Amino acid sequence: MAKVFIYPVNSLILADLVERYGHKPLAVMNQVREKVTNISLDSPPVNITPEDPKIGLRYAAVEVPPGVRGRMALIGPLIEETEAAIIVENPPTNFGCVGCNRTNELMKYLVREKEVPTLEVVYPESEEDAREFVYKIAAFLESLPKEKDKVGEKKGEEKVEEEKAEGQEEEQ
Amino acid sequence: MTETKQEEITKVIVISSDKVLPVDAAMKIYESEFPVTVKETCFGLIVTGPADDVLEVVENIRQLDKNHIFVKDRGFPAGDERRCRASRGGGPRPGFHFLREEVKMLPAIGAALDELEEKEPLKEKTEGKGKLKVSDLERIIEAELAR
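Sequence order for the protein chains is U and Y. So the first sequence is numbered by this note's numbering: it starts at 1 and just counts up by one. So the second sequence is numbered by this note's numbering: it starts at 1 and just counts up by one.
Simulated from the structure, these hints should not be mistaken for lab results. Among the hints, erroneous ones may be present.
[What the hints assert, rightly or not] Below are the DSSO-like pairs computed for lysine-lysine, each with C-alpha atoms no more than 27 Å apart in a straight line: (1) K39(Y) with K28(Y); (2) K24(U) with K66(Y); (3) K24(U) with K39(Y); (4) K104(Y) with K108(U); (5) K133(Y) with K136(U); (6) K35(U) with K39(Y); (7) K66(Y) with K136(U); (8) K136(U) with K104(Y); (9) K136(U) with K119(Y).
What you are looking at is a predicted structure, and each value in this text was computed from that prediction instead of being measured.
The whole structure should be built from the sequences, with the hints applied where relevant.
Take a look at the structure:
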């Protein structure tokens with residue numbers, strides 16, 4: 001199971017497709033949940049802790065508008081976990097919480113810098129485009145390592161450890 | 001002995017199906033007796049509860065029409081005062097606009113998933129209008145009759 005970063009970060013279609021093919025979508029909703037349901041926060045709806053601006057500073061300098069740093073405080077940690085990414089160009093709506101173009105550019109730049117497997121597709125506007133969009137994403141997601149592979153690796157590691165332990169017992 | 005409370009999660013279920021209505025999905029959850037909170041909305045359902053229960057409920061609902069029911073996480077729990085329209089004086093809730101844009105594309109995405117399931121190869125883009133295939137016509141008639 002790979003952790004797949006999605007752009008737009010709150011996309012229903014992408015989050016669903018990633019989950020459908022057995023991977024974990026890295027969506028901003030989970031980060032928001034941690035913020036808004038954490039009882040240690042003093043004053044919701046102002047859901048920011050003194051730590052958040054510091055996290056944002058890891059990705060954007062102090063001269064950069066605070067909105068970029070605030071958004072990066074949520075999205076930056078997701079990019080660090082990324083094992084693969086799907087970037088959709090020209091999504092129809094870029095306003096509200098995902099409406100900051102500077103953040104979006106920075107986000108895409110950081111993902112590309114990471115050099116993880118990345119699929120870049122254009123947002124579909126017709127049925128034909130939608131078919132191509134889904135087929136490309138499905139093929140990409142199927143090419144990513146599945147949970148079984150990792151379990152297999154773990155089992156292999158366990159076997160090696162067991163053999164080592166047996167060898168030590170025999171020596172004793 | 002201390003009891004550890006399981007993490008609560010919220011999922012948005014968007015139903016773009018000709019066979020299943022949000023009310024059918026909600027009734028299925030009520031029947032299943034899982035300890036989750038369900039909110040019926042115009043686009044589908046919002047389900048909040050312990051992570052394991054919510055994941056199981058969502059999987060059961062998805063199986064009703066798996067290529068036309070879409071699921072994503074949500075940060076705020078169902079009925080949260082900071083987001084609920086009842087306490088904010090009406091109007092669309094923040095986050096609804098993007099969802100509404102995506103919902104427009106869901107029938108096409110669902111149809112593409114159906115085709116993918118049938119293992120049809122990727123067709124090249126055809127220029128101009130072609131003849132309607134019999135199988136496509138049958139699918140359209142079935143979809144219309146199911147309404």
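The hints, checked one at a time:
{"no.": "1", "hint": "K39(Y) with K28(Y)", "verdict": "holds, 13 Å"}
{"no.": "2", "hint": "K24(U) with K66(Y)", "verdict": "holds, 18 Å"}
{"no.": "3", "hint": "K24(U) with K39(Y)", "verdict": "holds, 25 Å"}
{"no.": "4", "hint": "K104(Y) with K108(U)", "verdict": "holds, 25 Å"}
{"no.": "5", "hint": "K133(Y) with K136(U)", "verdict": "holds, 24 Å"}
{"no.": "6", "hint": "K35(U) with K39(Y)", "verdict": "holds, 22 Å"}
{"no.": "7", "hint": "K66(Y) with K136(U)", "verdict": "holds, 19 Å"}
{"no.": "8", "hint": "K136(U) with K104(Y)", "verdict": "holds, 20 Å"}
{"no.": "9", "hint": "K136(U) with K119(Y)", "verdict": "holds, 14 Å"}
Comparing the model with each numbered hint stated earlier shows that all of them hold.
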